[in-house]
Every structure is written in structure tokens, then in C-alpha cells.
Amino acid sequence: MAFNREKTRNFCIIAHIDHGKSTLADRLLEKTGTLSGKALQEQVLDSMDLERERGITIKSHPIRMDYSDARGESWTLNLIDTPGHVDFHYEVSRSLAACEGALLVVDAVQGVQAQTINNMYLALEHDLAIMPVINKIDLPAARVDYVIEQFIDLLGCEPEEILQVSAKTGEGVQELLDEIVAQVPAPTGDPEAQPRALIFDSIFDPYVGAVAYVRMFAGTIGKGEKIKLFGNEKQFEVGDIGWFRLDRISQKSLTAGEVGYIATGAKDVRHVRVGDTITLAENPCEEALPGYEEAKPMVFSGMYPTDNDQYDELFDALQKLQMNDASLTWEKETSAALGFGFRCGFLGLLHMEIIQERLEREYGLNLIATLPNVEYEVLLRDGSVELCENPALLPDVKYIAEIREPIVTASVITPKDYVGPVIQISLERRGVQTKMEYLDPERVNIEFDLPLNELVVDYYDKLKSVTRGYASLDYEYITHRKDDLIRLDILINGDMVDALTCIVHRDNAHNWGLKLCQKLKELIPRQMFPVAIQAAVGTRVLARTSVKAFRKNVTAKCYGGDISRKRKLLEKQKEGKKRMKQVGSVEIPQEAFLAVLKVER
Amino acid sequence: MGLYIHVPFCGSICSYCHFSRTADHSPENRRRFVDGVLAEFEMRRAGCGVLSAGKRRLATCYLGGGTPSELEADLVARLLEGTVGRLPLAADFELTAEANPESLDEELARRWRELGVTRVSLGVQSLDAGVLDLLGRACDPATAREGLARACRIFPRVSADWIIGPGLRKENLLAELTEAAELGVEHFSVYILELHQGTRLAALAEQGTWQPAPDTEIERLYLAVIEHLDGLGIIQYEVANFSRPGAESRHNRNYWLGRPWLGLGPSAHGFWGRRRYANFDDFGDWLDEVESGRLPEASVDPLDLSARRLERLILSLRTRGGVPLEWLPGRGWDTEQGRREGLWEIIDGRLVLTGRGFLRIDTIEERLAGLTP
Numbered sequence: 001m002a003f004n005r006e007k008t009r010n011f012c013i014i015a016h017i018d019h020g021k022s023t024l025a026d027r028l029l030e031k032t033g034t035l036s037g038k039a040l041q042e043q044v045l046d047s048m049d050l051e052r053e054r055g056i057t058i059k060s061h062p063i064r065m066d067y068s069d070a071r072g073e074s075w076t077l078n079l080i081d082t083p084g085h086v087d088f089h090y091e092v093s094r095s096l097a098a099c100e101g102a103l104l105v106v107d108a109v110q111g112v113q114a115q116t117i118n119n120m121y122l123a124l125e126h127d128l129a130i131m132p133v134i135n136k137i138d139l140p141a142a143r144v145d146y147v148i149e150q151f152i153d154l155l156g157c158e159p160e161e162i163l164q165v166s167a168k169t170g171e172g173v174q175e176l177l178d179e180i181v182a183q184v185p186a187p188t189g190d191p192e193a194q195p196r197a198l199i200f201d202s203i204f205d206p207y208v209g210a211v212a213y214v215r216m217f218a219g220t221i222g223k224g225e226k227i228k229l230f231g232n233e234k235q236f237e238v239g240d241i242g243w244f245r246l247d248r249i250s251q252k253s254l255t256a257g258e259v260g261y262i263a264t265g266a267k268d269v270r271h272v273r274v275g276d277t278i279t280l281a282e283n284p285c286e287e288a289l290p291g292y293e294e295a296k297p298m299v300f301s302g303m304y305p306t307d308n309d310q311y312d313e314l315f316d317a318l319q320k321l322q323m324n325d326a327s328l329t330w331e332k333e334t335s336a337a338l339g340f341g342f343r344c345g346f347l348g349l350l351h352m353e354i355i356q357e358r359l360e361r362e363y364g365l366n367l368i369a370t371l372p373n374v375e376y377e378v379l380l381r382d383g384s385v386e387l388c389e390n391p392a393l394l395p396d397v398k399y400i401a402e403i404r405e406p407i408v409t410a411s412v413i414t415p416k417d418y419v420g421p422v423i424q425i426s427l428e429r430r431g432v433q434t435k436m437e438y439l440d441p442e443r444v445n446i447e448f449d450l451p452l453n454e455l456v457v458d459y460y461d462k463l464k465s466v467t468r469g470y471a472s473l474d475y476e477y478i479t480h481r482k483d484d485l486i487r488l489d490i491l492i493n494g495d496m497v498d499a500l501t502c503i504v505h506r507d508n509a510h511n512w513g514l515k516l517c518q519k520l521k522e523l524i525p526r527q528m529f530p531v532a533i534q535a536a537v538g539t540r541v542l543a544r545t546s547v548k549a550f551r552k553n554v555t556a557k558c559y560g561g562d563i564s565r566k567r568k569l570l571e572k573q574k575e576g577k578k579r580m581k582q583v584g585s586v587e588i589p590q591e592a593f594l595a596v597l598k599v600e601r
Numbered sequence: 602m603g604l605y606i607h608v609p610f611c612g613s614i615c616s617y618c619h620f621s622r623t624a625d626h627s628p629e630n631r632r633r634f635v636d637g638v639l640a641e642f643e644m645r646r647a648g649c650g651v652l653s654a655g656k657r658r659l660a661t662c663y664l665g666g667g668t669p670s671e672l673e674a675d676l677v678a679r680l681l682e683g684t685v686g687r688l689p690l691a692a693d694f695e696l697t698a699e700a701n702p703e704s705l706d707e708e709l710a711r712r713w714r715e716l717g718v719t720r721v722s723l724g725v726q727s728l729d730a731g732v733l734d735l736l737g738r739a740c741d742p743a744t745a746r747e748g749l750a751r752a753c754r755i756f757p758r759v760s761a762d763w764i765i766g767p768g769l770r771k772e773n774l775l776a777e778l779t780e781a782a783e784l785g786v787e788h789f790s791v792y793i794l795e796l797h798q799g800t801r802l803a804a805l806a807e808q809g810t811w812q813p814a815p816d817t818e819i820e821r822l823y824l825a826v827i828e829h830l831d832g833l834g835i836i837q838y839e840v841a842n843f844s845r846p847g848a849e850s851r852h853n854r855n856y857w858l859g860r861p862w863l864g865l866g867p868s869a870h871g872f873w874g875r876r877r878y879a880n881f882d883d884f885g886d887w888l889d890e891v892e893s894g895r896l897p898e899a900s901v902d903p904l905d906l907s908a909r910r911l912e913r914l915i916l917s918l919r920t921r922g923g924v925p926l927e928w929l930p931g932r933g934w935d936t937e938q939g940r941r942e943g944l945w946e947i948i949d950g951r952l953v954l955t956g957r958g959f960l961r962i963d964t965i966e967e968r969l970a971g972l973t974p
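So the sequence lines, in the order shown, correspond to chains A and B. First residue of the first sequence: 1, per the numbering used here; consecutive thereafter. First residue of the second sequence: 602, per the numbering used here; consecutive thereafter.
Worth flagging that the hints you see were computed from the coordinates, not collected in a lab. It is possible that some hints are incorrect.
Stated by the list, open to error - To give an idea of the interface, some chain A residues facing chain B are shown, with a C-beta separation under 8 Å as derived from the structure: (1) V554; (2) K566; (3) L570.
What the hints assert, rightly or not - Think about it this way: if two alpha-carbon atoms lie no more than 20 Å apart in a straight line, the pair counts; the simulated EDC-like pairs of lysine to aspartate or glutamate are: (4) A:K566 - B:D905; (5) A:K552 - B:E820; (6) A:K568 - B:E820.
To be verified - Facing chain A, a subset of chain B residues (Cβ under 8 Å, in silico): (7) D816; (8) H870; (9) L906; (10) R910; (11) P925.
Backbone N, C-alpha and C fix where the C-beta goes; we use that ideal spot for every residue, glycine too.
Could you put the whole structure together from the sequences, leaning on the hints where they help?
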């Protein structure tokens with residue numbers, strides 16, 4: 001089918017996590033006949049197993065649907081799926097930039113959540129036609145009228161503009177398709193101009209190299225042409241070009257208004273960055289499309305193999321993962337306590353968890369991950385600024401003029417009954433409340449400026465627990481800000497364990513040290529010798545405790561000469577110790593390195 | 602080489618015992634047991650060049666149980682005749698039999714002595730009526746004392762088992778050991794009471810009607826026993842074993858030295874030809890196998906190099922002979938700290954556990970095993 005810009009609609013679905021975005025996408029595929037019901041696997045657009053298991057979208061995957069309406073008119077619908085988590089803010093914004101319209105989906109039971117609001121603002125910034133959709137209306141607990149009220153407050157729309165669907169049963173999906181055609185504007189762009197294509201995602205394909213997912217904003221790009229990337233000035237030849245069904249469908253060219261892919265042949269997905277602009281090498285456009293940023297890791301953690309022999313395997317696995325994930329960064333690191341490993345940078349906590357899980361699951365590695373950290377800016381007395389994402393590498397205090405930490409705006413939406421606890425846990429984590437508004441008589445949106453470090457440690461878990469899971473959270477980096485921060489070391493039997501060092505606010509250091517020691521005492525099992533645990537700032541010990549040695553622990557009899565039993569028991573225990581790390585003469589379990597996460601304030 | 606024969610019969614079942622034993626036996630199955638052992642011995646002999654050629658002398662034999670004194674003397678005679686009697690014996694051959702004080706009467710003791718038993722190991726456990734009752738022993742203190750005196754009169758060597766358990770007063774326990782030593786007991790096996798699933802005592806503990814003694818209490822008693830026996834000239838030579846110099850159990854010591862022995866009977870273990878085997882635990886299962894002409898082995902453990910190395914380490918650690926320092930792991934092991942903490946001493950280039958070290962031997966073994974490739 002030839003491309004007809006007037007008959008094309010490019011749109012995305014935005015929603016809070018679990019509000020049914022992927023299920024709705026599946027239903028659209030089914031209704032348009034893009035997929036037969038038989039081939040329809042739940043959440044087909046989420047291609048990784050992990051995504052399907054966790055019910056979240058990590059990697060977005062666009063798809064082109066052909067739709068014939070009741071009057072027999074044919075339309076081309078490009079659905080651009082977006083990642084559903086706060087960590088992937090930037091990726092979401094690039095996907096939105098590729099569309100003209102957005103379905104803003106809200107769960108009929110849960111109502112508007114933090115991500116709903118942030119996504120809506122993001123869509124407004126990109127000037128998209130926003131279509132409010134209430135999903136899961138088939139659920140007995142659905143509160144459709146209530147959500148209608150919320151939408152009216154939020155968007156200032158009319159009740160009749162709000163679509164009601166059940167992605168599960170298919171109810172209302174036909175109407176939704178007609179409304180997409182009616183409300184989403186056709187794409188614009190001059191097919192004769194110099195080509196400009198926005199990369200809104202990229203993947204690595206072992207056969208054809210890095211593949212860019214693009215939205216053409218102007219001009220035409222054809223197979224075999226020489227293209228240029230604006231961001232890094234690199235040039236490639238278009239090996240393949242086309243659009244998407246479930247797989248890639250080759251075409252001769254892509255032209256203004258179209259959504260598709262360009263296989264660049266680049267050996268590394270990092271050369272094909274999300275947000276960058278593709279143009280032709282010979283006939284380049286003047287300016288790049290706006291909004292390009294390099295995805296910047298926000299959260300850092302040391303990854304170490306429990307068994308040092310797995311170091312090379314870990315190295316290989318990280319290289320492979322990075323091919324497909326430009327936002328993952330890492331560099332080699334050596335820890336006195338943990339040996340050789342890597343300091344990895346992630347977009348956020350979820351991104352970190354996913355990478356860890358993939359390393360363990362897909363690559364069979366046993367890992368110790370150190371406490372997640374943020375990147376500090378350290379102003380030295382000589383006026384220079386150093387970036388530090390590993391607390392153990394913080395320069396000596398006598399050289400430091402000030403330490404600045406990343407601050408985020410955290411917005412929390414919570415039922416009004418939990419406002420008190422939410423404010424309390426935020427203040428305990430050095431949050432400053434900047435805004436509070438009632439979204440409706442029941443629910444409140446509160447915003448805080450919060451150190452990112454406090455957020456990554458345990459804020460989300462805590463928030464969920466004090467609001468019984470009802471609160472939702474979104475956050476965005478705003479700035480680095482100076483505070484009175486110091487480095488807290490942990491000593492085990494007198495030796496500093498670099499992997500347990502953290503940076504804390506001076507006022508909290510004492511309390512923090514005390515509780516951290518206590519937590520470590522619970523997590524480090526009794527062993528042959530007593531284990532002394534201390535928390536110290538510089539040479540000053542703030543807190544100390546110890547794990548007593550094992551007491552009576554003797555199997556008196558190797559009865560009847562049954563020696564195998566004893567030996568096999570030891571061999572089994574040895575197997576179970578694989579997740580323990582040897583630090584000096586002490587064995588420290590993996591969980592201990594994340595002890596800080598479990599400390600109660 | 603050594604020979605171990607497991608006699609699975611008991612007069613009554615003790616509340617803490619989880620060994621292979623049965624109190625339900627008749628003259629008929631006692632006879633079948635003896636025939637079975639002889640058949641097993643023949644099978645093993647036929648399958649082994651060393652044994653059938655009589656190339657190796659038998660150094661020790663041990664009748665364990667169960668309660669060997671439940672077996673009629675004539676049956677013991679047949680048992681020994683068909684096994685020990687068919688092997689060349691070492692000049693200082695040691696023949697030990699376990700017995701309960703109440704079942705080893707004057708007549709049986711004399712018969713055993715005539716049959717060549719040189720050493721008896723008496724399951725005394727305690728001389729306290731309350732403790733004996735709790736343990737479910739079918740013996741009162743007076744009978745136990747008589748049995749000890751009789752054994753010491755009749756046999757060249759006598760060993761006695763004691764249990765460190767609940768409700769013990771240190772003074773009483775030590776006085777009991779003194780009394781036994783004065784009667785002529787030269788060897789003690791002192792065990793710390795362990796709870797095993799499926800025993801009456803474990804059930805009582807689970808119901809909460811009875812409580813095991815706290816660890817601190819047990820530790821205190823164990824250390825006191827070591828010191829006290831030492832004062833009597835009865836020296837600790839293994840985690841649970843004490844003797845006058847020269848009166849050590851040679852049979853058991855060979856286990857710890859990694860010497861070969863043949864095990865016969867239900868649940869018996871053997872170490873022969875660089876492999877360990879374990880017979881079926883259950884008397885009926887074992888009997889079925891031997892009566893059908895099959896070796897009654899439930900499992901065989903072929904030892905590879907790393908297994909042999911680990912066994913050598915843990916077995917040596919159990920003894921006061923200790924472990925040569927060069928066997929210890931190079932990384933993650935702090936010999937000095939253990940010495941400072943009083944867990945071991947270094948004697949002639951060997952690491953030798955102290956009483957406090959023996960109390961933590963499982964942890965120490967686990968640590969060593971974890972660090973050994």
C-alpha cells in the first residue's frame with residue numbers, strides 16, 4: 001500500500017504502570033486484523049521475557065496497523081509503545097515527539113496516578129492531541145464516574161469526550177479506533193525537503209547491526225543511501241529500511257510522516273542514540289530536530305562476581321547488554337573488599353534491577369551489587385570540580401570545599417488519609433515540600449525537592465508501605481545542590497570495607513552509623529571468631545557492635561564410621577556459601593552489602 | 602584392617618537414639634541375622650583378592666549396635682567364628698563389644714571373654730536415676746555400678762559411655778566419672794546429647810514438655826569433663842574420647858587415620874578399596890538383600906581426590922593429633938586469631954583444637970571446607 005500522509009495517524013499510549021497499556025495495544029492489533037486472535041500472545045509488544053513477567057514495558061516497539069472504518073476508508077495507524085516507568089522519562093519524551101496524538105489511559109479502579117499527570121504534561125509539551133481513555137470498565141470495582149470527574153479536572157474536557165473501554169473484553173475498542181482517526185491530526189512535513197528523521201529508539205540486531213526506530217519529519221530516505229547522524233557526525237549506509245508489523249517489513253524508502261526503521265550497520269547501539277536526528281550525508285538538513293540529550297545515568301552501583309572466576313563472564317555479559325541498551329554505562333573498578341568488578345550506571349532503580357536480574361538469569365552469574373549511589377559533584381579547594389559516583393573514592397576531606405548532590409522533584413499522589421506519613425517519610429529523607437494540591441476531595445498531589453540519594457535508598461518502598469500501596473511516585477532530576485555531606489565508613493574487624501562506605505548528611509551520621517551497624521549485625525551470620533563492626537567518620541568511631549562467635553556446635557559422633565555423611569554435608573554447605581563474600585577472614589553475605597536499604601530511620 | 606559388625610537388637614529403645622535398632626526381635630530373626638552377616642562376609646570375601654588370599658591381618662574388630670549383649674552367647678560365637686575366625690589376626694588383635702550394664706551378666710561376660718573379647722564398651726550414660734529415666738535407659742544406678750565393677754574385673758580393657766545432657770549438676774557428673782575411673786574404667790566416650798528427629802526426646806522437646814539444656818550449660822560441663830578427666834590421668838584424644846595413655850580405642854582411631862575396614866550388618870559403613878559404602882539401615886531390607894545373595898549396599902561413595910583431602914582434614918581435626926599447618930588454606934584463614942581466641946594451639950607444626958575449639962568444630966570444619974578447593 002502506497003503511503004498516504006493524509007490517511008496516516010501516529011499515536012502512542014501513555015499510562016501509569018499497570019493501567020493496562022500493553023493489553024490495550026494488543027486489543028488494537030487484534031481489532032485491526034494486524035494479528036489474528038490465535039497468534040495473539042498476551043502483550044506481544046513487550047518482547048523480553050522479563051517484561052512479560054513483570055508486566056511492564058522496558059523496550060518500546062512500534063507497530064503499523066491497517067484499519068478500515070465503517071465507511072470502507074482505509075487508514076494507516078502507527079502505534080508507538082512507550083516505556084512505562086519513571087526511569088525511562090527521556091525515552092518516553094522522544095516517543096511522544098514522534099507522534100501527533102496520545103491516548104491517556106487511566107485505570108477505572110485506581111484513577112489518576114502520579115505518572116498519569118506527568119505523562120499528560122509531557123504530552124501537552126509536545127502539543128499532542130490527548131484522548132482521555134478509561135480502561136478496565138468491566139471490573140466490578142470500576143469507578144467510571146469518579147474517573148470522569150478526575151479527567152474533567154485534569155484536562156478541562158467534556159464528559160462525552162472521554163472514551164470508556166475494556167481492553168480485556170474488547171468493549172469500546174472499535175469506537176476508540178474511530179476516534180483516533182477522527183481526533184489525531186495527520187502528520188505534516190515536506191517530502192521534498194532535506195530529510196530529517198527522529199530516532200525514538202534503537203536496538204542491536206546481531207545480523208544487521210544497530211537499527212534506529214525513526215519518525216520521518218521531512219524528506220525521504222531510501223535504501224542504500226548514505227546517512228549522517230547529527231549528534232556524533234557519524235555516517236552509515238542504509239542497509240535496510242522499512243516499517244513494522246510484528247517483524248520488520250523492508251521498503252524502498254521512508255518519507256515525511258512515516259514511522260519505521262533504518263538499519264545503519266553500526267556495530268554499537270551507542271552510535272545510534274535515542275533523540276538524535278538522521279539526515280542524508282550528501283544533502284543534509286540545516287538543523288537537528290530539537291530535544292536531543294544524551295541519556296545520563298542517575299544511579300550507580302558496583303557489580304562484582306561472588307566468585308572471582310566469573311569476572312570475564314561478567315565483562316562479556318555487560319558488553320552484550322550494552323549493545324542493546326545505550327543508557328547502561330560501566331567501567332572497571334577494584335574494591336579492596338570485593339575484588340575486581342564494574343561500576344555501572346543506570347537511568348534509575350528499576351533499570352538497575354532489570355540489568356541485575358538479566359545478568360543473573362540470562363548469563364548465569366552470581367553477583368554482589370553494592371548499595372546504589374548517585375553522582376556527587378565535589379568542589380575542591382583548588383577550585384576544580386570532580387564527579388564522584390563511588391563514595392569510597394571521595395577525595396580526602398581536607399581537599400574538599402563542598403559536596404553537591406543531585407536533587408529531584410518527586411511528585412507523590414496519595415489518598416488524603418496518608419498525607420501525614422508521606423510528608424513525614426519525605427522530611428526524614430531531607431525532602432522539602434514545594435507543593436500540595438487536592439486533585440479531588442479524596443486525593444492529594446504533593447511535591448518535594450528530594451536528594452536523589454535518599455530516593456534511591458528506600459523512598460519508594462517506604463512510600464508504598466506507609467500508604468498501603470496506594471501512593472504513586474514520579475520524579476525528575478532538577479539540579480545538583482550543596483549540602484553538609486560526609487563520608488561514613490564501615491570497618492569489619494578493623495578493616496575498612498570500601499563496598500559499604502556511604503555518603504550521608506552530617507546530622508544523620510551518628511544515627512545512621514548506629515543503625516547500619518545494628519543491621520549488619522543481624523545480617524552477618526555467627527562464625528568462628530567474633531566479628532567487630534564499626535561505623536566511622538574519618539578516624540572517629542561513631543558506633544560499634546559485634547557478632548558473637550558461634551558457641552556450642554559439635555557433632556560428637558561420626559557414628560559407625562559414617563564419614564561420608566559429614567563430608568557431604570560440608571560439601572553442600574560449601575555450595576550454599578557461594579553467595580558469601582570473603583572479606584579478610586570474615587564471610588559476608590550478599591544482603592549485607594545492601595544493608596543500608598533495610599535500615600529503619 | 603578393621604572389622605565392624607552392627608547388631609541391631611535392643612532390649613528397649615532409648616529416648617534419644619536414632620541408630621538402626623529394633624526392640625522387636627525373636628530367637629528366629631537373631632539367628633537369621635547371624636547367618637546374614639556370615640553370608641555378607643562371604644560375599645565380600647569372594648569379591649576381594651586381598652581378603653580371600655588372607656594377605657592382610659585383622660587388627661581390630663568391633664561389635665556395635667544396637668546392643669550386642671542382646672545376642673545369645675552361642676550366636677556371638679558363631680558370628681565371630683565365621684568372620685574373625687577366617688582371617689589371619691594381628692599379634693595385638695583388639696576385640697571390642699558394646700554392652701549394656703544390665704544385660705552383661707556374669708555368665709555372658711565370662712563367655713565373651715572366652716570367645717576372645719578383650720575390651721567392652723559399656724553404655725552407662727549416667728549414674729543418676731533421674732537422667733537414666735529421662736534417657737529411657739532400662740537400668741538403675743545400682744545395676745550400672747555392678748555392671749561396671751564386673752566388667753572391670755573380667756576384661757582387660759573397659760570403656761564407658763557417658764552423656765552430657767540436661768539436669769546434670771557438674772559436681773555429680775564429675776563424681777560419677779571419678780567413681781568409674783576408680784573401678785578401673787580406663788577409657789571414656791563422653792557425648793553431648795543431640796536431638797534427632799523421630800526420637801521420643803525430640804517429640805517431647807517439640808511439645809515443650811521438656812527442654813534441652815542451654816548451650817552455655819553444656820559448654821561448661823564439657824570443658825569441666827576434659828579438665829577433670831585430665832586430672833585423673835585420662836587424656837582427651839578426640840572430640841568425645843578420653844583414655845589413659847595406651848588405652849585408646851585402636852579400632853576407632855583407625856577410622857580417624859583413614860585406615861580400611863569392613864563393615865557388616867544393617868546400617869554398617871565400610872571403607873574398603875578407596876571407597877566408602879553404607880549398608881541398608883533397616884534390618885528387613887538388609888536381610889532381604891543378603892538372603893537373596895546380593896550385597897546389601899544402599900550407597901557407595903567413590904572418593905575423588907578432593908573428597909579424600911577434605912575427609913583427611915576433618916578427621917584429623919577431630920583428634921588431638923591435629924592437622925599439619927601446610928594442609929590449611931592460604932587465604933581467608935587466620936591461624937593467629939584462633940590461637941588468640943583459644944580455639945586451638947600450634948604444637949610441632951600442627952594445629953590442634955582445644956576443648957573450646959572442639960565445641961565449635963562444626964563451624965571450623967565448615968570454614969575449612971569452604972576455603973578448600
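Evaluated hints:
no. : hint            : in the structure
1   : V554            : holds, 5 Å
2   : K566            : holds, 7 Å
3   : L570            : holds, 4 Å
4   : A:K566 - B:D905 : holds, 16 Å
5   : A:K552 - B:E820 : holds, 6 Å
6   : A:K568 - B:E820 : violated, 27 Å
7   : D816            : holds, 4 Å
8   : H870            : holds, 5 Å
9   : L906            : violated, 13 Å
10  : R910            : violated, 10 Å
11  : P925            : violated, 19 Å
This entry does not satisfy hints 6, 9, 10, 11, going by the numbered hints stated previously.
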